[in-house]
Amino acid sequence: MKFTQLLYKQHIGKAIRYLWQHQRERCVQVTKAEKILKSMNFTVHDATELISAKRIEHSTVFNKSEPNSNSKSCLIIEDWNVLQEGVPQACVLTKTLKLDDALPKNIQELITDVPDNIDNLLKRFVYTSVIYDAQQVKLPRLKDPNRPAWVFPRVYGISSTRKMHNLTKKFLQLCESLCGLNDVQYKSIVHDGLVSMCIGKENDFIKFSLKMDIMMTSSIPLAPIADVNMDNKYAFPNLHPLHCTVGLSKLDIDNTEDLYPIDTESPLMNVHTIFINHNLEEVKNITELPVTEDQIHARSMMKSFTVAATCARQKFGLNVKKLPEPIVVQCVQSDGQNFHFSVYQLNTLDVDGKEGIKNFWWSEPSIKLYEKALYENGQPCLTGYNRDVFNRFLAFYKNK
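Take the sequence shown: its letter number 347 is residue 346 in numbering that gives the first Met the number 0, and every next letter is one higher.
The set of hints was computed from the structure by calculation and includes no laboratory data. Some clues are possibly wrong.
[What the hints assert, rightly or not] The calculated lysine-lysine pairs, modelled on PhoX-like cross-linking and capped at a C-alpha distance of 20 Å, are: (1) Lys169 - Lys8; (2) Lys249 - Lys97; (3) Lys186 - Lys168; (4) Lys353 - Lys232; (5) Lys122 - Lys168; (6) Lys249 - Lys206; (7) Lys200 - Lys71; (8) Lys206 - Lys71; (9) Lys321 - Lys200; (10) Lys168 - Lys397; (11) Lys169 - Lys186; (12) Lys210 - Lys168; (13) Lys399 - Lys186; (14) Lys206 - Lys320; (15) Lys353 - Lys200; (16) Lys210 - Lys283; (17) Lys104 - Lys232.
Here the structure is a predicted model, which means the values were calculated and not measured.
Put together the whole structure using the sequences plus the hints.
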């Protein structure tokens with residue numbers, strides 16, 4: 000046997016056990032501190048009295064017999080709500096006409112292919128946002144329609160909200176680099192902006208309380224796309240026998256004030272583009288049926304209408320009905336893989352009836368950024384990458 004060098008080192012485990020054995024019961028030494036303090040006329044309190052202080056229990060008593068005189072019963076639309084009839088119901092609810100199943104022509108002219116080096120950079124963005132991100136949370140439970148009672152093991156990974164935020168922030172950063180300082184200095188980014196407003200619809204009072212995950216504002220408002228008084232042949236959808244407020248929950252509220260994330264005095268108060276997240280776990284039907292693509296598109300319209308209406312009231316006053324100039328909002332809704340692009344033009348806040356000035360909406364079908372982005376056999380794999388998503392993203396950023 001070969002003897003090793005003598006190091007005179009201590010075994011950490013043994014040292015810790017030794018300390019616990021010999022110092023776990025330490026005697027409190029009696030000092031003359033108390034006697035000296037009392038001789039100097041200082042009051043000495045027992046430490047246990049201060050440690051075990053009396054807890055004061057606060058109880059809130061609600062008087063259910065007398066409701067608040069300022070409360071008002073209204074229908075409410077929140078982040079998790081989806082309209083039962085989808086886009087047709089949203090059109091009737093907001094007095095909006097869907098003009099085309101494509102984006103406006105002025106935006107289509109801005110859609111161009113990016114160079115190959117930018118395309119390679121975008122693929123790296125997808126890898127880092129969807130595959131390499133370090134977040135590990137419980138993903139939604141897996142379900143088999145043929146075996147509804149079967150319990151699959153829980154899957155951990157990156158949430159759809161995290162993917163959407165990562166991709167949107169990286170795409171915006173790249174747009175800023177490509178457009179340069181001349182465009183960037185007139186824009187601002189707001190995260191988790193809360194937007195709230197109340198509006199009357201015939202005999203109902205509706206409150207919109209929504210969150211914009213990322214909102215881009217500008218010092219110059221977007222130019223109107225279509226003429227407010229144009230003669231069109233479009234007609235409102237017929238929801239008969241349903242009402243336009245079907246599926247909305249009723250709630251008593253005390254505060255009916257508008258809420259807009261940008262102050263009136265700010266030079267960057269004009270809304271430009273909103274980026275909203277479609278969370279598959281939170282956005283659900285009250286009927287517990289799967290959310291359809293038409294309902295997802297209607298959600299984009301409702302959020303665009305809400306942020307445009309609050310911006311209009313911020314600029315033109317709380318009692319404005321016919322706007323002096325239209326408010327145009329671009330909307331991008333995504334779950335981290337599917338992207339929906341739409342444009343909304345708010346012309347009026349008088350949403351009663353079907354006559355008079357109407358609002359306009361342009362929307363195109365959802366497109367996928369990729370088919371698969373995951374680990375296969377221990378290796379990162381990205382298939383079906385679609386460059387059209389960023390081309391539209393950049394066109395929205397360039398639009399003025």
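Q) CA of Lys169 to CA of Lys186, is that 20 Å or under? A) Holds: Lys169 and Lys186 sit about 16 Å apart, inside 20 Å.
Q: Could you grab the alpha-carbon distance between Lys210 and Lys283 and see if it respects the 20 Å cut-off?
A: Holds, at roughly 16 Å.
(Q) Between the alpha carbons of Lys249 and Lys206, is the straight-line distance 20 Å or under? (A) 10 Å, holds
(Q) Holds or violated: Lys249 and Lys97, Cα atoms, limit 20 Å. (A) Roughly 28 Å between the alpha carbons, so the hint for Lys249 and Lys97 is violated.
Q. Going straight from one Cα to the other, do Lys353 and Lys232 come out at no more than 20 Å?
A. 13 Å, holds
Q. Taking only the CA atoms, is the gap from Lys206 to Lys320 under or equal to 20 Å?
A. The given pair, whose Cα atoms are some 17 Å apart, holds under the 20 Å limit.
Q: Compare the distance between the alpha carbons of Lys169 and Lys8 with 20 Å, and conclude whether the hinted pair is satisfied.
A: 52 Å, violated
Q. Holds or violated: are the alpha carbons of Lys186 and Lys168 at most 20 Å from each other?
A. The given pair, whose Cα atoms are some 14 Å apart, holds under the 20 Å limit.
Q | Restraint check for Lys321 with Lys200, where alpha carbons must lie at most 20 Å apart | A | 15 Å, holds
Q | Hint consistency between Lys200 and Lys71 [alpha-carbon to alpha-carbon, up to 20 Å] | A | Between Lys200 and Lys71 the Cα gap is close to 15 Å, so the pair holds against 20 Å.
**Q.** Holds or violated: Lys210 to Lys168, with C-alpha atoms at most 20 Å apart
**A.** OK: Lys210 and Lys168 at ~17 Å, within 20 Å.
Q: Verify the proposed pairing of Lys104 with Lys232, using a straight-line Cα cut of 20 Å.
A: 19 Å, holds
The structure fails hints 1 and 2 (numbered hints given earlier, in ascending order).
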